[in-house]
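S.K.: Let the hints inform the model, and build the full structure from the sequences given.
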Amino acid sequence: MENQLKEQFLKANNGDKKSYETFLNNIEKMAYKYVQSHISNVHVHDDIVQEILISIHQSRHTYNPSKNLNPWIYAIFHYRTSDHLRKAYKNKEDSIPEEEFEKIKEHYNVTKTIESTELIDKAFKHLNEKQRKVVIMSKIEGYTTAEIAHKMNLNINTVKVTIHRSLEKMRKVLS
Numbered sequence: 005m006e007n008q009l010k011e012q013f014l015k016a017n018n019g020d021k022k023s024y025e026t027f028l029n030n031i032e033k034m035a036y037k038y039v040q041s042h043i044s045n046v047h048v049h050d051d052i053v054q055e056i057l058i059s060i061h062q063s064r065h066t067y068n069p070s071k072n073l074n075p076w077i078y079a080i081f082h083y084r085t086s087d088h089l090r091k092a093y094k095n096k097e098d099s100i101p102e103e104e105f106e107k108i109k110e111h112y113n114v115t116k117t118i119e120s121t122e123l124i125d126k127a128f129k130h131l132n133e134k135q136r137k138v139v140i141m142s143k144i145e146g147y148t149t150a151e152i153a154h155k156m157n158l159n160i161n162t163v164k165v166t167i168h169r170s171l172e173k174m175r176k177v178l179s
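Adding 4 to a residue's 1-based position in the sequence shown gives its number in my numbering.
To be clear, the hints were calculated from the coordinates, so they are not data collected in a lab. Warning: the hint list may mix true and false statements.
[Unchecked claim] Pairs of lysine-lysine, DSSO-like flavour, derived with a Cα cap of 30 Å:
1. 91 to 15
2. 71 to 155
3. 137 to 21
4. 10 to 21
5. 15 to 37
6. 134 to 91
7. 155 to 137
8. 126 to 33
9. 37 to 155
10. 129 to 143
[What the hints assert, rightly or not] Okay, the calculated beta carbon distance ranges per label pair:
11. 21 to 165: 39 to 47 Å
12. 91 to 40: 16 to 24 Å
13. 123 to 91: 27 to 35 Å
14. 46 to 178: 31 to 39 Å
15. 29 to 177: 15 to 23 Å
16. 72 to 33: 12 to 20 Å
17. 128 to 150: 22 to 30 Å
A virtual CB, placed ideally from N, CA and C, is assigned to each residue, including glycine.
M.R.: This is the structure we're talking about:
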């Protein structure tokens, strides 16, 4: 998925409108999953996702094509989500507890994410294509095992076993 997104993004930056539309549709889905997992107030999800898409559009010239795209995208997801939490806490409009903001801030340290990307890439190289795809869909894109099974035409138990074995393999490589 990372390679497809990157290809769409690079084509879009060169003026391909169809690629840009496809890229934004894919990013929108990823952004919703990210926002839903970090913000409990469902009434603000659309606004935050809109801010994310605007930020990606306005910042697209800052992306370095020699780097992975996902850390750049997730950094924007993180910053826009954090901005919302900061504003909400400051204005007390959504009555978000400070602990939730701190939890997000600590758990999704962008610097840590970018540094970890190189290690994860190293571990991913030890997985076959099916294992990589299942792990990305499960752990990065946020699909459920049932959704992965349906999309990849696999048995749900096969997906669960593949995720488990792939993560174990990655742990061994990283340790």
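S.K.: Now, for every hint given, state plainly whether the structure supports it.
M.R.: Consistency of the hints with the structure:
1. Of the pairs offered as hints, the one joining residue 91 and residue 15 is violated, with about 35 Å between alpha carbons and a cut-off of 30 Å exceeded.
2. Restraint check: the Cα-Cα separation between residue 71 and residue 155 comes to about 28 Å, which is no more than 30 Å; the hinted pair holds.
3. Using a Cα cut-off of 30 Å, the hinted pair residue 137 and residue 21 holds, with the two alpha carbons roughly 27 Å apart.
4. About 15 Å separates the Cα atoms of residue 10 and residue 21, which keeps this hinted pair within 30 Å; it holds.
5. With a C-alpha separation of about 25 Å, the suggested pair residue 15 and residue 37 falls inside the 30 Å cut-off, and the hint holds.
6. Our distance criterion of 30 Å between C-alpha atoms is broken by residue 134 and residue 91, whose separation comes to about 42 Å.
7. With a C-alpha separation of about 11 Å, the suggested pair residue 155 and residue 137 falls inside the 30 Å cut-off, and the hint holds.
8. For the proposed pair residue 126 and residue 33, the alpha carbon gap of about 27 Å is at most 30 Å, so the pair holds.
9. Distance check on the hinted pair: residue 37 and residue 155 sit about 17 Å apart at the alpha-carbon level, within 30 Å; holds.
10. Distance hint between residue 129 and residue 143 is fulfilled; the C-alpha atoms sit about 16 Å from each other, no more than 30 Å.
11. The hinted window of 39 to 47 Å between residue 21 and residue 165 holds, with their beta carbons roughly 42 Å apart.
12. Between residue 91 and residue 40 the C-beta distance comes to about 19 Å, which sits within the given range of 16 to 24 Å.
13. One distance hint, 27 to 35 Å for the beta-carbon pair residue 123 and residue 91, holds here, with the actual separation near 33 Å.
14. The hint said 31 to 39 Å for the Cβ distance between residue 46 and residue 178, and at roughly 35 Å that hint holds.
15. Between residue 29 and residue 177 the Cβ separation comes to about 33 Å, which falls outside the hinted range of 15 to 23 Å.
16. Residue 72 and residue 33 have their C-beta atoms about 19 Å apart, which keeps the hinted 12 to 20 Å range intact.
17. Range check, residue 128 to residue 150: Cβ separation about 24 Å, and the 22 to 30 Å hint holds.
Violated hints, listed in ascending order, are 1, 6, 15; each of the other numbered hints is respected by the structure.
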